[in-house]
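Protein chains in written order, with our numbering: chain Z, 4 to 301; chain P, 4 to 301; chain C, 4 to 301; chain S, 4 to 301.
Honestly, the hints are just simulated from the structure, not real lab data.
Computed from a prediction, not measured in an experiment: that's the story for all the values here.
Treat the hints with care, as some may be off.
Remember, identical chains collapse to one label, so a pair may be satisfied in a single copy or spanning two.
In the DSS-like style, the derived pairs of lysine-lysine whose C-alpha atoms are separated by at most 25 Å in a straight line are [stated by the list, open to error]: (1) Lys284 <-> Lys75; (2) Lys113 <-> Lys283; (3) Lys247 <-> Lys206; (4) Lys206 <-> Lys113; (5) Lys113 <-> Lys284; (6) Lys247 <-> Lys284; (7) Lys206 <-> Lys283; (8) Lys247 <-> Lys283; (9) Lys206 <-> Lys75; (10) Lys68 <-> Lys113; (11) Lys113 <-> Lys247; (12) Lys284 <-> Lys159; (13) Lys159 <-> Lys247.
Number of protein chains: 4
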Amino acid sequence: MNVSGIFPALTTPFRDDGSVAPEQFKANLTRYNRTGLAGYVVLGSTGESVLLSRAEGEALLAAGKEAAAPGKLLIAGTGAESTAETIARTKRAASFGYQIALVKTPYYYKPAYNGAVYLRHYRSVADASPIPILLYSVPVFTGITLETPEIVELAKHPNIIGIKDSTGVIQRIVEVVPQAPADFRVLTGSAPVLYPALASGAKGAILALASALPERCVELFELFRNGQHAEAQELQQRLAFASKAIVSENSIAGLKYAMDLRGYRGGLPRLPLLPLAEEKKQRIVELVSQMEPAAVRA
Amino acid sequence: MNVSGIFPALTTPFRDDGSVAPEQFKANLTRYNRTGLAGYVVLGSTGESVLLSRAEGEALLAAGKEAAAPGKLLIAGTGAESTAETIARTKRAASFGYQIALVKTPYYYKPAYNGAVYLRHYRSVADASPIPILLYSVPVFTGITLETPEIVELAKHPNIIGIKDSTGVIQRIVEVVPQAPADFRVLTGSAPVLYPALASGAKGAILALASALPERCVELFELFRNGQHAEAQELQQRLAFASKAIVSENSIAGLKYAMDLRGYRGGLPRLPLLPLAEEKKQRIVELVSQMEPAAVRA
Amino acid sequence: MNVSGIFPALTTPFRDDGSVAPEQFKANLTRYNRTGLAGYVVLGSTGESVLLSRAEGEALLAAGKEAAAPGKLLIAGTGAESTAETIARTKRAASFGYQIALVKTPYYYKPAYNGAVYLRHYRSVADASPIPILLYSVPVFTGITLETPEIVELAKHPNIIGIKDSTGVIQRIVEVVPQAPADFRVLTGSAPVLYPALASGAKGAILALASALPERCVELFELFRNGQHAEAQELQQRLAFASKAIVSENSIAGLKYAMDLRGYRGGLPRLPLLPLAEEKKQRIVELVSQMEPAAVRA
Amino acid sequence: MNVSGIFPALTTPFRDDGSVAPEQFKANLTRYNRTGLAGYVVLGSTGESVLLSRAEGEALLAAGKEAAAPGKLLIAGTGAESTAETIARTKRAASFGYQIALVKTPYYYKPAYNGAVYLRHYRSVADASPIPILLYSVPVFTGITLETPEIVELAKHPNIIGIKDSTGVIQRIVEVVPQAPADFRVLTGSAPVLYPALASGAKGAILALASALPERCVELFELFRNGQHAEAQELQQRLAFASKAIVSENSIAGLKYAMDLRGYRGGLPRLPLLPLAEEKKQRIVELVSQMEPAAVRA
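Assemble the whole structure, with the sequences as input and the hints as a guide.
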């Protein structure tokens, strides 16, 4: 299984009445299928998965499986707070045809969670899962960071094939890559450091930004792969500005607005997430227009 | 509605096969009914609510309603990440006969959450709820703190009757009490500062520790109410040691072990929470024995 | 030695040419001498001690000794990064007639500093000092917090007679008081929680706010001592608002401006500290006018 | 002025009686002169500058100037808390023949320090300084981080020629490089991410580790300059382990011990810094032996 390249963390479109819109979700995938994206992540943080019911999540899993072109790797977010529920969701994702489960850390009982808890949790999930799993460390949302020692320990499990590390901490990639088995894949979740992550041994990335600017993210990956370091450094700088203005500063509302500008079905996030403020729109319009595929090539 | 005094944050007992045990839950309430506790909090953080399914939660709501003595105020934890789901859970709790909803902050999309998000979220919930609500700020688990300005603003809503503040920050109580309406109740969630919280204007507390040591917590509240400040200061010190060793350092596993020692149905927490380590038990045995009602009075 | 009551953390007045003005410093003390302040802290954080040369500091020590009325306890801030320099400053303060040294934690090499470092540092200073010392924990400036175990351990040293804890964390007072010798004095450095600190066992306070509003701070201390808890709670609320607007939000520039309004020699802070912004002044004018001794008594 | 390549943050050797040993300091430089180091940083954080008197600091400045080979760039740490003292130290360093001043942020009055304070402070220093200055952001010690907007703003000043950023945050380099003038030099202070920093546009590094392993640090810089990315990635991993065990986990005591092993004059740090614990030595012995120049080439 070739888990490398760029994967978008897919957003969840909602209809005007607030219900999930699988048909719009599929429309997005139809367009993504024509890009160099390596696959798709359904029900990740960017997909507002913590705001969805179980039935809504399953509707999206089904839609994703149906719309994805052959050869696109299908990854489902399945992490829940309890170990048992995480296993149940992982099995369900597998039954929907997903090939990999992306399992975020439990994060509520922080004072009780430590390395031993994560080892036990992830090993239980990996033992029970019919599909391989990716660890997922995303402290910006969870307040929990998987540290090098536990990542290295978990990397030994045959059914744990990699990690999505969204911290943007390059030092962790530098440390994990040589200590983990050679086929353990580190994927970064941080678009502003995609190139330095790849240069440090990451195999790819799962990026919210790739839902709005898939071509540019893929282009950076290709520049790195071709050894075009100077060009990669330059495109990285541009992607960092775009990612900061669109994703870091405006979260899912900003990303969905950028998607709308690019012709995807973005729309509004679900409450308590608020729509993008009017005064934030102009900057995103500018950045997206600068990052259009044509503009970059010219 | 007299929302003052001591409320235990109830734990959830599990059977040996890992299933929820409403009959054990009811057995605990039968004993609590004989104490001076003012009421009960079902499905709070201490109740492992984030590890329960909807059906399991409803079984506990029903059991709590059934077992609670008349006059004991019934509070249900109903906070979910999405506004709509929070409203749904709040209505359900009301339909089960609960009198107050305890609504923790949404906490996943931290970079997007700010004062405006909390105002909108809580007002939407309070508008839709058939029962009054308590705000709930518990950064030790959520990473989110409700600050004075938004608390004071929300306190104006007629259906928001108070807050459970688990930060242990006494300054916030000092600030909120004079700025909020006179009948807005601040409840602390921090046993080690119960007395200074009361001395600063808090009306009571919702405490995990009160599930193991209800008599001592109630006794401290009574000492304060009777103006016995020196005795209150002294008992506070003893409760602080107990709370630190039982709850702060050992979380739900420690609390359940202390409950077992006191004859309640504590048991084990649900995974990913791990059972209490053997080497932590002796210290809890000592503290509980020192805090037995008889020992204190002697 | 009666280390209790209210001590102002004195500010350092500068002349128009930026030089230290010991004559203005003495003028302030002459007025403070007529209040119920228990003594004075010279060269504390509020005194901009880290912005002064050795000669400037000694000029202030001399001026303080000269101007203080008999019976006012004299405390000098002597903490430096190195143990040897801290000892040297402490001896110098003693030679100037100061009765107690206030020794802030070293704080630069944070990754290397731990409990063992603090034990060794403070014991070395206490062993060498001709005068008793107060520990000083002020993480808002240093990023370093003295925790309960090391405080309790250091409290056993015969020449360490107390601590100024500026964290505002009441739980630490609750924990330290019963574990330390009976004559170990906990002083809070946080005006917004002065009353709850006293109610939890603190013996007094060292407060920046007391440089602008000494009468009100002393009044709160007296209310507590007389067992007037309801009045204390009420005055505490008012002091908390004043402290937040004057000190917490505007730092030394705000405090000095409030002093100017009260007829003391406040003036401007030294660079890199900037003068108070114009738009911040009105709120301080209002608060100070509400807190004038006459206004309170009326 | 060619501010690129690897600069060691020099340590300060002490004699057995605790006094500064300029002769040992010079002996170290004599050996460093034979390496590919681009220059030297005297009186940086690693030099225990905050534990030294003014006279001790000047003795080291003189010794450094005397011992450094021609062509080695001389950088002096001159940052103090007050703006005036920073200027005074900077002028003194220039008078000793130093070519660049490394100016760490003021850091004590954190609640009062903000972008405006840093702009004013650094511009005042840069205006007054006879030599160009480097900004210095080192939150691990100061708790203060210079953020992209203020760095970019300060980069416009003709006498501010670069920054030492010790955060290890690669995203900041990605952001600053394209926004600052082309000749603004970003130097990283973080050995574990030297290669990704260079790949992101940094021009070099000031490293504590380079005081013990100068050849290896220079080798990594050269690999990058020659476009040998795969070899750079591999050496980076090895340096990251060495840096973590020697510097991150054991601070100056660990670094000095590693220097001793390599034949430099390391010795003990000054109190309150404690000597390296015995049980930490073996791991450092192993790492240093693996990183000996011969071992790497074999």
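Hints and how they fare:
no.	hint	in the structure
1	Lys284 <-> Lys75	neither (32 Å within a copy, 50 Å between copies)
2	Lys113 <-> Lys283	between (34 Å within a copy, 18 Å between copies)
3	Lys247 <-> Lys206	both (22 Å within a copy, 24 Å between copies)
4	Lys206 <-> Lys113	neither (30 Å within a copy, 28 Å between copies)
5	Lys113 <-> Lys284	between (36 Å within a copy, 21 Å between copies)
6	Lys247 <-> Lys284	within (14 Å within a copy, 36 Å between copies)
7	Lys206 <-> Lys283	neither (33 Å within a copy, 34 Å between copies)
8	Lys247 <-> Lys283	within (12 Å within a copy, 32 Å between copies)
9	Lys206 <-> Lys75	within (16 Å within a copy, 39 Å between copies)
10	Lys68 <-> Lys113	neither (34 Å within a copy, 30 Å between copies)
11	Lys113 <-> Lys247	between (28 Å within a copy, 16 Å between copies)
12	Lys284 <-> Lys159	neither (46 Å within a copy, 29 Å between copies)
13	Lys159 <-> Lys247	between (35 Å within a copy, 23 Å between copies)
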